[in-house]
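Please construct the entire structure, taking both the sequences and the accompanying hints into account.
Residue numbers (my numbering), protein chains in the order written: chain A, 249 to 479; chain B, 306 to 531; chain C, -5 to 232.
Keep in mind the hints are simulated off the structure, nothing from the lab. In this text, a Cβ means the ideal position worked out from N, Cα and C, and glycines have one as well. Careful, some of the hints might be misleading.
[What the hints assert, rightly or not] Reference listing, derived: stretches of chain A covered by chain B, where coverage requires no fewer than 3 residues with Cβ under 8 angstroms from a Cβ of chain B: (1) 249 to 256; (2) 387 to 396.
[To be verified] Chain C is faced by these chain B residues, among others (derived, beta-carbon under 7 angstroms): (3) VAL323; (4) ASP358; (5) PRO396.
[To be verified] DEER-style ranges, computed between Cβ atoms: (6) B:PRO423 / A:LYS326: 44 to 52 angstroms; (7) A:ARG261 / B:ILE366: 45 to 53 angstroms; (8) B:THR329 / C:GLN62: 19 to 27 angstroms; (9) C:ASP70 / B:ARG349: 52 to 60 angstroms; (10) A:LYS326 / C:ASP196: 38 to 46 angstroms; (11) B:TRP523 / C:LEU219: 48 to 56 angstroms; (12) A:PRO439 / B:GLY505: 30 to 38 angstroms; (13) A:PRO353 / B:SER501: 36 to 44 angstroms; (14) C:ARG19 / A:ARG391: 20 to 28 angstroms; (15) B:VAL426 / A:LEU378: 26 to 34 angstroms; (16) B:SER327 / C:GLY28: 41 to 49 angstroms.
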Amino acid sequence: MTEDQRVARAILRRGWWLTAIGLAALAVAYVMALAFTPLEANQGAAQKIFYIHVPAAWSALMAFSIVGIVGLLYLWLKDPRLDLFAASSAEVGLAFGAVMLTTGPIWGKPIWGTWWTWDARLTLTLLLFLLFLGYMTMRAAIRDPAERARFSAVLGIMGLLLVPFIHLSVYLFRTLHPQPIVLKPSRPSLPPEMLRTLLLSLAAATILYLGFVTVRYGLARIAAADHDGEA
Amino acid sequence: MGDWLRTAAAVAGKDLLVEWRSRTAMLSALVFAAVVLVIFNFARDATLLAAADLAPSVLWITFAFAAMIALNRGFALEKENAALDGILLAPVPRGALFTGKLVANLAFVGLVEAVTLPLFVLFFNVSLWHALPGLLGVMAVATLGFVVVGTLFSAMTVRTRFAELMLPMLLLPFMMPVLSTAVQATARLLAGRPLSEIWGWLRFLALYDVVFLTVSPWLFRAVVEE
Amino acid sequence: MPPDDPPPLLAEGLKRSFGHVHAVRGIDLRVERGDLLAIVGPNGAGKTTLLRMLGGLARPSAGRVIVQGRTLRADDPDARRPLGLLSHQSFLYDDLTALENLRFAARLYRLPEPAARAVAALETVGLGGDGNRPVRTLSRGMVQRVALARALLTDPEILLLDEPFTGLDAPAGDRLRRFLREHLARAGSAVVVSHQLTEVWDLATAVGIMVGGRWAEPPAPAPPLDVFQRRYAERLHG
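Written as structure tokens, this is what we have:
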């Protein structure tokens, strides 16, 4: 086995461990959410989806930011492994984005009476998903690996710059979406038990994101190492 | 600085001349805009939806899609005969090439908008004289935003498979904040609201323009330098 | 020649790779005034990539290209000024006339009196009367000549040629060879990448064989053609 293949397999192993820990943390978070967290007064049981939807949104946003930042690093350092990492992050982000897009309406239906509304927050979710999709589609349409890496980096950076504008749009529109209750200037207005569960879910989602990305990156490195071995 | 401007002017002039010769992209965009307006007219029930409610959205959707037809031609013409290599070889700053393309694209999209607006007034029976200065301001600021991003992306998509599909796919998320802001502002203006009410939206669009105008020439260099 | 005059073209340790794919693996070359370096090699040897790096169209992963003492860098466009490029692509816009194409090139290079230079360049290639026809309407041979006019418009000291004889008929090939001879006589330099050894042989002052991204035989004065063809065959199959 070449050095590259050895390193790649080590990365993959680390990834599986991280994923396992993340899944365990997720399980604990759900038990807490369902059994040990009070029901929300207005929304009832449906509100529990909050503990899936928000962490998924957080992971998707994190994945997206990493795609942009790693893209910037690639343009500076020109290391192909950075491109592989960015692509892995994008795939994982796409998956989390899909989770966001399905849990959003599932939460919304009992509360708003409709599966989908064009309110600002759901729209941001959809746009992030479309950005990821565009990124992956563009990659698939470019044959030359160096060109693919360069263009992906450019798209990633542009996308990252776009997100604040989409977020700013939130405050320019009226929205049905629950107003931000955690990330806002005054103290979070959640009761402590809910906040605890939420933070645990966020931590679980973060570890899970890191686990998935590491696994995906490891697989990509193995594929690259095997390909070079034959070349 | 002088080099930059001279190069940009030469490139923009060349683009305008090439388009003037064949006129295909311009005519396609104009015909497309007219067709879209006609279809929108027949695709609504006039008894249910007042023209005034739908008008701002129709206008901006038409602008957006017609613009994409114009944007596609930008780098497609550089691909024939590898003309782009000829420009990259020359002792000119690469960012100036971007600026030249941007100016040419703005001219084309501006022309499409200038023709579409009267057609829109005609088909939808909208009176907009009172709102014209404000509307032109919104059009200028919003168009600059998506043409900057579109110029950068068209440089990339021209080298991909399915270039004509790829550009709208990549560009649409970037157009969303611009379009929704522009539509809201346009709706207010058409309803006779004063300019001061849409000031916040104009500032938003201006910020978008500044950010992407600053970043795009630099990212463009990464696109064209192998 | 004064001893501290930098050579027209110098390349040091040029490499181009992405990950483990190496197109060029360390090429050095030096071209003096009046030299024509012919680079031959099989497909995929990296010759075109090398030429693109020499012209500043592709950024090397390592190493540098020095043109008349100035290193080619992305933020120094003027370093590229002494270069000219001729390939089987014409770099022309089909919808513009020959003169319009040349005027645009002259403007890009900030030449004084672009219109006059364009007319003169077209005359030099014998197309003085066809300047106002769109390139689209010209025959392939005429397009080649306009492309040549475009390359010579700026009076480049170093000409880079990528398979320039492809698709040229005998008279066109002769014309190109004549221009190259005149260019070299005026102390210009040239680097030619070509499959067709016979076309460049009598012009080449040095020849290098490139295989797999490196020199299989570094540039050296050209032996008689039949000798070289034997050595070349050995290099490819040995």
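Exercise. Hints the structure violates: just list their numbers, smallest first.
Key: 1, 4, 8
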